[in-house]
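Just so you know, the sequences run in chain order F and Y.
To convert, note that position 362 of the first sequence is 362 in our numbering; the numbers rise steadily by one, no gaps.
To convert, note that position 239 of the second sequence is 1239 in our numbering; the numbers rise steadily by one, no gaps.
Derived from the structure by calculation, the hints contain no laboratory data.
These numbers were taken from a predicted model, which means no experiment stands behind them.
Hints are not guaranteed to be accurate.
[Stated by the list, open to error] Derived coverage of chain Y by chain F (criterion: at least 3 residues anywhere in the stretch with Cβ under 8 Å from a Cβ of chain F; other residues may be distant):
hint	segment
1	1014-1026
2	1684-1697
3	1759-1768
4	1818-1830
[What the hints assert, rightly or not] So the derived list for chain F, only partly shown, Cβ under 10 Å to chain Y, looks like this:
hint	residue
5	E65
6	W66
7	A125
8	P128
9	L159
10	I249
11	W252
12	T255
13	P258
14	Y322
15	V325
16	G338
17	L393
18	P399
Glycine included, every Cβ here is placed at the ideal spot set by N, Cα and C.
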Amino acid sequence: MQHVSPIREPLVTGGKTYHDITQDIARHVESKPNMRWAAALAVSLFFLGIFLWSVYRTLWYGIGEWGLNKTVGWAWDITNFVWWVGIGHAGTLISAILLLFRQKWRSSINRAAEAMTIFAVICAAMFPVLHMGRPWLAYWVLPLPNAFGSLWANFNSPLLWDVFAISTYFSVSLVFWYIGLVPDFATIRDRAKGPIAKTVYGLLSLGWVGSAKHWSRYETVSLILAGVSTPLVLSVHTIVSMDFATSVIPGWHTTIFPPYFVAGAIFSGFAMVLTLMIITRKTFVLEDYITLEHIESMNKVIILTGSIVGVAYITEFFIAWYSGVEYEQYAFINRATGPYWWAYWSMMTCNVITPQLFWFRSIRRSLTATFIISIFVNIGMWFERFVIIVTSLHRDYLPSSWAMFSPTIIDIGIYVGTLGLFFTLFLLFAKYFPVINMFEVKTILKSSSGVTHAPGTSMHANAPHPVMQVTDSNHTNHPKHD
Amino acid sequence: MQESKKYWKGIEELENTPEFAKAAHNEFAEFLPVKETYGSDAAEAEVAPRRDFLKLLGFGLAAATLASCEAPVRKAIPYLNKPEEIEPGIANWYASTYFEGGDYNSVLVKTREGRPIKLEGNPLSGVTKGGLSAKAQASVLSLYDTNRLTAPMMNGKATDWKKVDSEIMSRLTGATGKVVVLSHTIISPTTKKAIAEFGGKFGSFEHVVYDANSASGLLKANDGTVPGYDFSKAKVILSVAADFLGTWISPVEYAKQYIQTRKITKENSDMSRHYQFETNLSLTGSNADVRVAIKPSEEALVVAAIYNKVVGGLNAPAYSNKQLDKAIADLMAARGNALVVAGANDQAVQTMVRAINQALGAEGTTINTNAPSYVRQGDDEQMVRFVREMNGGGIGAVIFYGTNPVYDHPLSADVEAGMKKVGLTISLADRVNETAKLANFICPDHNYLESWNDYMPKKGYMSLAQPTISPLFRTRQAQESLLKWAGNNTSYYDYLKANWAGITGGNAGWDKVVHDGVVENVTLNQEVKTYAPMTTAAVGVALNKSQKAGIELKIYEKVGIGQGGIEANNPWLQELPDPVTKATWDNYVTIPRSMSVDKGIAQNDLVKITAANGKSITLPALIQPGQAKDTVGIAIGYGRKLAGKVADNVGENVYPLATVADNGISYNTTVTIEKAGGEREIAQTQTHHTIMGRIVVQESNLNQYKKDPASVTERITIATPDGPKKPSAVSLWQDYEYKDHHWGMVIDLNSCIGCGSCVVGCNVENNVAVVGKQEVLNRREMHWMRIDRYYSSDATREDGFTAMEEPSDNPTVIFQPMLCQHCNHAPCETVCPVLATTHSTEGLNQMTYNRCVGTRYCANNCPYKVRRFNWFSYPDNEKFTDVNYAQTSDLGRMVLNPDVTVRARGVMEKCSMCVQRIQLGKLEAKKDKRRPVDGEIVTACAQSCPTNAIIFGDMKDPNSQIRKVMEREQGERAFTVLEEINTQPNITYLTKIRNLA
């Protein structure tokens, strides 16, 4: 049991009952797709088409279709990769760390955030494969038993660590997300009318009946997975940062990278969650579940992580000056004043300056402002990776090799294409899966719905008889499927 | 008797129904309808076509699938009767000679399975001494040029030799007027004899000789020969616009000599001092100790000023500056060991230079009067007269032997017009070039690698060329054609051998000469034209006439493309970065920064240059540090229209802008310059030109070196709690142990002149792909070996980084060959996820192409940026068909080195330190049960370096040269690049020392 301070704002508004919650959320799954959703899906599919076309060009002709060169061997590919992985951080953070910290406000957003994580990681995973010169040999990076003689993967290579980090993170997130979905799938199964829906949700719900044993096992698994995921939240981006930190390139070779990357990842992940949640709550009329309280809480995380990132940027400059290493100094002065100064200052503006506006409560609680700033953060975090990767590479040690990078249409196509892929997956998720964790929201209904409950009263819409109380008390935390 | 049993096929037979009886006659009981056409019957039309369709679909799918499963068959046919001297997998070497556009090189030709695949300098040659120019290195590809003619042509149609010969012979006999053979300089005594024999058949005959980049002025002032310059004896060298290390007369020979005066050690720290007065920043100017930028019109004044100080008595406009005064003082002090050369194609200037050299006592020391050079014999005056005669209608027949005056002569328009007035025009070109296109007949000559010939580049020095492959096409050696038309049916080989009988004696002597390729202290008759000397008074008159005003154009030659002859269609040379500008695939107008600021011309802006003779040319501008104020420079050799797919329409032709006077051609002229609007990007392999104050390339001066050799190289230390330490002393890494060999390289920056020979040598040896202009613009050239060129900057850290990016107006230049450093602690090796790049037990950083998945992490993490990625499938992507014909066409592929893999798309590649040569050398040694001897294994770059700047060897071998040099230079000039990253390269550089005035 948690103590809830009466001063706190309620997390569920509108005087919802358990049934209302089921109704509000399952409604979207059960009703016919609406026009807005279909239109959004069409746009997403169009961008997915661009993605497929760009991938075809890349696979058929080679990486030469991109704008890379002898000096800048990575640019948009790895920028996009790190950006997507970063975005994929919020889900697990919300579901695992906030679960361990018993932050109740996570309940209504964790489902969508986790879905976003998984889709973002799928998008991210495209790049390590696509950026390879010979992607059909991508499996060589796995330490598989093989017939190639004594060939084995290089365990010294951060890219190999990446392979493990990303695949572990993806599998754990996927399992965590799916386990969380099971009780809600069961709810939908129980309500389903059509045969297909009955079968499909029946299969998806893995025979869940909501018995006490199921709930007990569910709780155990959730805790274990939360425990497993928590270090992953920190490890994934730490390892991604080591791609850079363990190299010798000025601007990459920086010990500050692991914490800085993790903070940046949470920062960008929360921004993306906000962007998506603000749209979702509006389109699916979920204002009572994703309240201003939620948005404000997330905005606070954004101020915190944004400030960490800002301090990191300044620290890098300080260390460059303090170290006395001329290559390092040049790398950072070049970032701010060199040919890619616009990328650097876009990053600074979007990541350091705009989130500071959240110190004002009115901005923190303004949907419009939050939405705009979340977009800014998304842009800023993309530029952060671009700045780190491209501006460090394009002018490294020998001035004779200094070069510029400019993207081709294929570079752009792949990037906007992954956005198409992401939104296609997300829209399908939003339509066919419960976007809000129904049963978890129900657990906080009593304590944080804003409605005061006298002991003995029920939150069940159709259970006015005290007789039901007996069973209900067992189910306070785990309501039946209304 | 056994009762005969009867078996029925069925009830029908037993009962023998009428239907059965009828059907029994048919073998196939039921008629299966095969639809030939779709019936009009609706039901039938619906059923049968669907089944047929499915059948066809099924068959079609299966057939298409099976067909696509089959890999294309490439046949490797073994020898049925193996030639005795060919052992598959083992190279044969033949001595030969390359002579093109005045560039003489004695070469060794490496052939594999009968195909010439690589050229190397012939160390036996007393002229080029094992050096080989970039052009000569690349010339092996011209043999396999897909644009070569495969048969003679008559009036634009392919035909056979019989027809051509009878037609030509009959028309030659009927020719009214003079018969002319028009050639470039011919240094082959036997060829000259053949031409003379041919000419003897006609009442009126003339052999007209011109050179595309003429040295007539020099010849006129020196009795028809090029003086036997010997830079190796010079203590002070002063060059007025002579690019003797890059393009002037005999650059390889001069570079070999020059560098002998520049190699220094603690014990022998004497070094020549080199002054260069020039307009464009040339390769030679880049290497000079003191370089002064002057306008072309000032060349004569500089020489006159020296003349007046050294000889005196010339009526010349006064001219002096501090550097010139110092230079003259140095020259006079080094009397007997001084040498003055001038590039101007001007008899007056060259007459003064000769007098100066005589007065300085150069003759006998720095000019070997016994060995004048014959590599230039072109006579501008004769050529101009000939062009006029053609237009006057006095010429009956012209044979263009290796010449293309419609392209490479300033009077090309007149040549073109004149050709129409000549009854018979025959071109002996190997392709339909600009002149051959207009000729009645094209009788394609062999490539020099298919020919016999002899050469006498200098008095007393002779060499032979021998065929290294059977003629690929139905071509015929030019000399043989001439002999044939003269009625002499001997083969040129017999003709040549007979001519040499006096030298070689019997067969054994001949065999030795063929084997060695060279023979010295012998002479075949080599007549040279002599000219009337110019009087001092005439010189004075010419001097005072040469005053010019306004912007001046200096037309120059490029190291790679040369005069735009056969070199033009060679993609290796087109992609070879110019040593100074680092530009490829184009010519351009080099302008000084001051002009760029004054006229608002930015790099790549198209500008229109209009010469005093009214001709104009539109080219992009390139801002060139060191370009003299109010001057511009444009390179010849570009703007070919009919050279082949590689060269056509690359750049613009600047020959017509040269000034033609009665007595010669001047490559300087006054011009106007205006912006033409628009821009064309110049593909440079290096776009950043200064060193930004970094210690990646080190230089010092001779005084400092003499004072304390240990002080010339800056040492990098790392701060540790125990005080500053060498980076290698602070390491987290475990060192490799090398048991047998430890290959390494020492590159002497003092010897490297930046000529680019090693770049081409590496490309040829290692099958490096050519990627074309667009990909060079995309910064994706594939060169494993590059030469970084840095200009000095006036700015320091205090002025800020942006100011440091700006080169000085007249910068000092430093070259640094950059290739895989084969680091002992290689950053690339740790980051590869699949272990595709690893360290060998002999210190090589090796790249396993088959294992590479192409993450490019290694390239990113390489501090030297020497790794090259296969962005496309260069051997079969249609974008590269033309430029990369050495890999895309069957003919071109014959040049590939079979010992080196052609890399697939998506894999990383880089310098392997010619591991195939190392392996070969080790195997040879193993067969003899010994260790490889130092010098036995040489990388392609080290081999091709004309100045021996690159020393390759086994650092474990105590007797190796590399070991000795490293031991000698340790703590003095030896340094490794980016020592602070502690990559511990196996490549050591030696600090450049300048002999500053």
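Status of each hint after checking the structure:
1. With 0 residues bearing a CB less than 8 Å from a CB of chain F, the segment 1014-1026 of chain Y misses the requirement of three and the coverage assertion fails.
2. With 10 residues bearing a CB less than 8 Å from a CB of chain F, the segment 1684-1697 of chain Y meets the requirement of three and the coverage assertion stands.
3. Restraint check on the segment 1759-1768 of chain Y versus chain F: 0 residues with Cβ-Cβ distances below 8 Å, three needed, restraint violated.
4. Only residues whose beta carbon comes within less than 8 Å of a beta carbon in chain F count, and the segment 1818-1830 of chain Y has 3; three or more means the coverage holds.
5. With its C-beta approaching chain Y no nearer than about 8 Å, E65/F sits inside the 10 Å limit, and its interface hint holds.
6. Hint status for W66/F: holds, given a least beta-carbon distance of 8 Å to chain Y, under 10 Å.
7. For A125/F, the interface hint is violated, the least distance from its beta-carbon to any beta-carbon of chain Y being 14 Å, above 10 Å.
8. Hint status for P128/F: holds, given a least beta-carbon distance of 8 Å to chain Y, under 10 Å.
9. The criterion of a C-beta within 10 Å of any C-beta in chain Y is met by L159/F, whose closest approach is roughly 4 Å, and the hint holds.
10. The interface hint given for I249/F is met, as the beta carbon of that residue sits about 7 Å from the closest beta carbon of chain Y, less than 10 Å.
11. About 8 Å separates the beta-carbon of W252/F from the nearest beta-carbon of chain Y, less than 10 Å, and the hint is met.
12. Interface hint at T255/F: violated, since its Cβ lies 14 Å from the closest Cβ of chain Y, which is beyond the 10 Å cut-off.
13. Against a cut-off of 10 Å between C-beta atoms, the interface hint on P258/F is violated, since the closest Cβ of chain Y lies about 17 Å away.
14. Here the hint on Y322/F is broken, as its CB sits about 12 Å from the closest CB of chain Y, past 10 Å.
15. At its closest, the beta carbon of V325/F sits 8 Å from a beta carbon of chain Y; the interface hint therefore holds under the 10 Å criterion.
16. Evaluation of the G338/F hint against chain Y yields a held restraint, the C-beta minimum of about 8 Å falling below 10 Å.
17. Because the smallest distance between the Cβ of L393/F and any Cβ of chain Y comes to about 6 Å, under 10 Å, the interface hint for this residue holds.
18. Taken as an interface hint, P399/F checks out: its beta carbon lies about 5 Å from the nearest beta carbon of chain Y, inside 10 Å.
In this structure, the earlier hints numbered 1, 3, 7, 12, 13 and 14 are contradicted, and the remaining ones agree with it.
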